[in-house]
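2 protein chains.
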Amino acid sequence: MKDIIIIGGGFAGINLARSLGGNKHYRVTLVDKNNYNFFPPLIYQVATAFLEPSSISYPFRKLFRHKHNLFFRLGELKKVVLEENKVVLSNGELHYDYLVFATGAETNYFGLQNVKKHAIPMKTLHDAIDMRNRLLQQMEQAIITQDEEERRKLLTIVIAGGGPTGVEVSGMLAEMGRSILQKDYPELKGAYGEIYLVDGSEALLSPMSEKSQRNTLEAVRKLGVKTRLNTRVKDYVDDMAILDSGESIPTKSLIWATGITARVFDGIPADSYGRGKRMLTDAFNQVQGTTNIYAIGDTCLQTTDAKFPNGHPQVAQVAIQQGKHLARNFKAMAAGRPPAPFAYHDKGSMAIIGRNKAVADLPPSLHFKGFIAFFLWLFVHLMSLINYRNRLKTLYNWTVAYFSRDQSLRMIIRPDEENLT
Amino acid sequence: MKDIIIIGGGFAGINLARSLGGNKHYRVTLVDKNNYNFFPPLIYQVATAFLEPSSISYPFRKLFRHKHNLFFRLGELKKVVLEENKVVLSNGELHYDYLVFATGAETNYFGLQNVKKHAIPMKTLHDAIDMRNRLLQQMEQAIITQDEEERRKLLTIVIAGGGPTGVEVSGMLAEMGRSILQKDYPELKGAYGEIYLVDGSEALLSPMSEKSQRNTLEAVRKLGVKTRLNTRVKDYVDDMAILDSGESIPTKSLIWATGITARVFDGIPADSYGRGKRMLTDAFNQVQGTTNIYAIGDTCLQTTDAKFPNGHPQVAQVAIQQGKHLARNFKAMAAGRPPAPFAYHDKGSMAIIGRNKAVADLPPSLHFKGFIAFFLWLFVHLMSLINYRNRLKTLYNWTVAYFSRDQSLRMIIRPDEENLT
Numbered sequence: 001m002k003d004i005i006i007i008g009g010g011f012a013g014i015n016l017a018r019s020l021g022g023n024k025h026y027r028v029t030l031v032d033k034n035n036y037n038f039f040p041p042l043i044y045q046v047a048t049a050f051l052e053p054s055s056i057s058y059p060f061r062k063l064f065r066h067k068h069n070l071f072f073r074l075g076e077l078k079k080v081v082l083e084e085n086k087v088v089l090s091n092g093e094l095h096y097d098y099l100v101f102a103t104g105a106e107t108n109y110f111g112l113q114n115v116k117k118h119a120i121p122m123k124t125l126h127d128a129i130d131m132r133n134r135l136l137q138q139m140e141q142a143i144i145t146q147d148e149e150e151r152r153k154l155l156t157i158v159i160a161g162g163g164p165t166g167v168e169v170s171g172m173l174a175e176m177g178r179s180i181l182q183k184d185y186p187e188l189k190g191a192y193g194e195i196y197l198v199d200g201s202e203a204l205l206s207p208m209s210e211k212s213q214r215n216t217l218e219a220v221r222k223l224g225v226k227t228r229l230n231t232r233v234k235d236y237v238d239d240m241a242i243l244d245s246g247e248s249i250p251t252k253s254l255i256w257a258t259g260i261t262a263r264v265f266d267g268i269p270a271d272s273y274g275r276g277k278r279m280l281t282d283a284f285n286q287v288q289g290t291t292n293i294y295a296i297g298d299t300c301l302q303t304t305d306a307k308f309p310n311g312h313p314q315v316a317q318v319a320i321q322q323g324k325h326l327a328r329n330f331k332a333m334a335a336g337r338p339p340a341p342f343a344y345h346d347k348g349s350m351a352i353i354g355r356n357k358a359v360a361d362l363p364p365s366l367h368f369k370g371f372i373a374f375f376l377w378l379f380v381h382l383m384s385l386i387n388y389r390n391r392l393k394t395l396y397n398w399t400v401a402y403f404s405r406d407q408s409l410r411m412i413i414r415p416d417e418e419n420l421t
Numbered sequence: 001m002k003d004i005i006i007i008g009g010g011f012a013g014i015n016l017a018r019s020l021g022g023n024k025h026y027r028v029t030l031v032d033k034n035n036y037n038f039f040p041p042l043i044y045q046v047a048t049a050f051l052e053p054s055s056i057s058y059p060f061r062k063l064f065r066h067k068h069n070l071f072f073r074l075g076e077l078k079k080v081v082l083e084e085n086k087v088v089l090s091n092g093e094l095h096y097d098y099l100v101f102a103t104g105a106e107t108n109y110f111g112l113q114n115v116k117k118h119a120i121p122m123k124t125l126h127d128a129i130d131m132r133n134r135l136l137q138q139m140e141q142a143i144i145t146q147d148e149e150e151r152r153k154l155l156t157i158v159i160a161g162g163g164p165t166g167v168e169v170s171g172m173l174a175e176m177g178r179s180i181l182q183k184d185y186p187e188l189k190g191a192y193g194e195i196y197l198v199d200g201s202e203a204l205l206s207p208m209s210e211k212s213q214r215n216t217l218e219a220v221r222k223l224g225v226k227t228r229l230n231t232r233v234k235d236y237v238d239d240m241a242i243l244d245s246g247e248s249i250p251t252k253s254l255i256w257a258t259g260i261t262a263r264v265f266d267g268i269p270a271d272s273y274g275r276g277k278r279m280l281t282d283a284f285n286q287v288q289g290t291t292n293i294y295a296i297g298d299t300c301l302q303t304t305d306a307k308f309p310n311g312h313p314q315v316a317q318v319a320i321q322q323g324k325h326l327a328r329n330f331k332a333m334a335a336g337r338p339p340a341p342f343a344y345h346d347k348g349s350m351a352i353i354g355r356n357k358a359v360a361d362l363p364p365s366l367h368f369k370g371f372i373a374f375f376l377w378l379f380v381h382l383m384s385l386i387n388y389r390n391r392l393k394t395l396y397n398w399t400v401a402y403f404s405r406d407q408s409l410r411m412i413i414r415p416d417e418e419n420l421t
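These protein sequences, in sequence, are chains F and L.
Just so we're aligned, residue 1 is where the first sequence starts under full-length UniProt numbering, counting upward by one.
Just so we're aligned, residue 1 is where the second sequence starts under full-length UniProt numbering, counting upward by one.
The set of hints was computed from the structure by calculation and includes no laboratory data.
One or more hints might be untrue.
Unchecked claim - Here are some chain L residues pointing at chain F (derived, C-beta under 10 Å):
no.: 1; residue: P53
no.: 2; residue: L136
no.: 3; residue: E140
no.: 4; residue: S179
no.: 5; residue: L217
For each residue, glycine too, the CB sits at the ideal point set by N, CA and C.
With the rest of the complex left out, here is chain F (with noise of 0.2 Å):
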């Protein structure tokens, strides 16, 4: 039996764990920092306490239960050491056959440090419980403050990027303030705070198609967000975000949806990285200049794809595809037939705004917006959890915040060290 370690258990890492489960050639053994799978897409819901970090997280032990041949691995990679085929975890080595990047992204602040300092990230889990915490404290803060330009501080919120993280939570703050919290904060007397939603390119959600994007920037606005197109935060100090625009704005909150990158492995040669850090690979995503290491999802930059001449976008369902195609891969590998290479198939892309909007783009040219495109994100986001429980939980969550206009989850739970300001 051959050894696998997958580094990173997102959906490129998972996908290819779960397709070899039971197999006789292979040892998998999947290495992440956290216990658990989670489903990124919806974590701007968890951000908003429209649902638990639970219904969209899994721990990745119950999802091997039964497949003799996976196990995990809580643990950091620090280093890969080529020749003697073993990667230095924080708690341990490992040795492999096969080592797999599936290590995803991480949040881009393009070098400012202000905003890295200061901004508040929508990446992981974590990020999403930070900002729940963060927002709902600042509603605190907000009654309390004598301050008008204080409160006016607290209420404002920023949200740099106008892709779907961006555009979901801007759509899902505005109806927040709408509904909720003048029910929730009477002390506030209906002053609330704007939203703004800042994007560097000359449309919302730029990679689909125009016909959306229309839709998209109207379903917004409607909803009281405003947006700066063509602008970008160049900086965020003394509470005031600084556009490119010669705009400041001055907010406790900046949401940094915007921007990317993959990272840099201690051992991985400096030119087997391409374009934002990603590692480049064949047709068959083997890591240039390895012989036995293999790169999957976001962190991969694979340019032998006809219809993706400068790599991939990176999104959910090309990691989903490659994991599983690296999967055939492996066991074509095997049975000592050739591996195939790896061609991308764009189901389409959809973003969903405020209660009950979407947008939805199906390839070749179908376009939905409204009550449809939502159903069609609803079902396809709903299929994709991982499994039967989170599904079930997540529609009856769902249900009942769309039908009460309501999300009861609006509790800081925080260390108690944290002190109250």
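Got chain F; can you put chain L on it based on the hints?
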């Protein structure tokens, strides 16, 4: 309108506040350092990953909606200034006409500094999440270590305190060791640790009937829990729980579920406190030596109730009844009628052991055990959960957990900065 300030939103505070909801004589502000009420009898289920934190907690602001005289303030009490009728909070000041302490009790380490530093408390929702994360991380370490001795320490759990919490936690962990851990951690190959339950008195659940005590001891032992009665933990040094019997148990997990203490507040005269730092009150819950300050629940020591000359037990029922009773007295005072003295009506007590056993004493002399007691326990706790939605979710979680002998909340969700070891 007179101002009532309630410090603390546990059973006592929340029942007082809600009973005054809509009253036209009083404006009520509840101050708490959390923005949610939670249900302490079930935190052991959060700790053992059966329930989500949100299933047993509820935001104050949502509870107070539609009651225009009820307000919530996030903050911590720093000082009372009696002469000025004001409280100084961590984030501002509030004036009161009546001040009510419903501050509950906190974990008592009896001066054992090593225990305070390294043991796992079981009093707050955050304690419960911490315990969950810590036990799960130790399981992961147990798999990695090559050191037999170290593995035994990682897998052994000592629970100090044989009250309901200790009994419930030990039963739950014993069940988990049997059913879940073997499936999730095949690497351990049956090398599971022991669970010890240590109590200073001669029986478990010492305030309950002898019959229930006997049944509990029997049930707990059947689950494989090792009991040490008439024994106390006197120190915790180098991963070694040192008992006063001379025995020492190597363990990385000492769960501290024994002993609580009330708290002393700056500004309240020293002679207003009695045993266990509880505030001495008259029959109307007015604190000795003050004119407009009251204490209810665990923090109150009232010796005027004929059946309880040494004060009431520090249990949920007393807190609930005192909260409601004080509300009636406030209403009486507003109407010019005299207040009534408090008298506690004991509704019985119960505890659950493992998956489907429980004991219940209903006064004057009814005892139940086994399945009937289990259903009684389910019914009473479900009815006590604060709103319908939490009840439904909890019932669902319990049903799934019961039939699947499993629970799925085994995610270690913690700040990214915390390093893995």
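Each hint tested on the structure:
1. P53: With Cβ-Cβ at 6 Å, under 10 Å, it holds.
2. L136: Where the cut-off is 10 Å and the nearest Cβ of chain F is about 6 Å from L/L136, the hint holds.
3. E140: With Cβ-Cβ at 4 Å, under 10 Å, it holds.
4. S179: violated, 12 Å
5. L217: Violated, about 33 Å.
Checked against the numbered hints listed earlier, the structure breaks hints 4 and 5; every other hint is satisfied.
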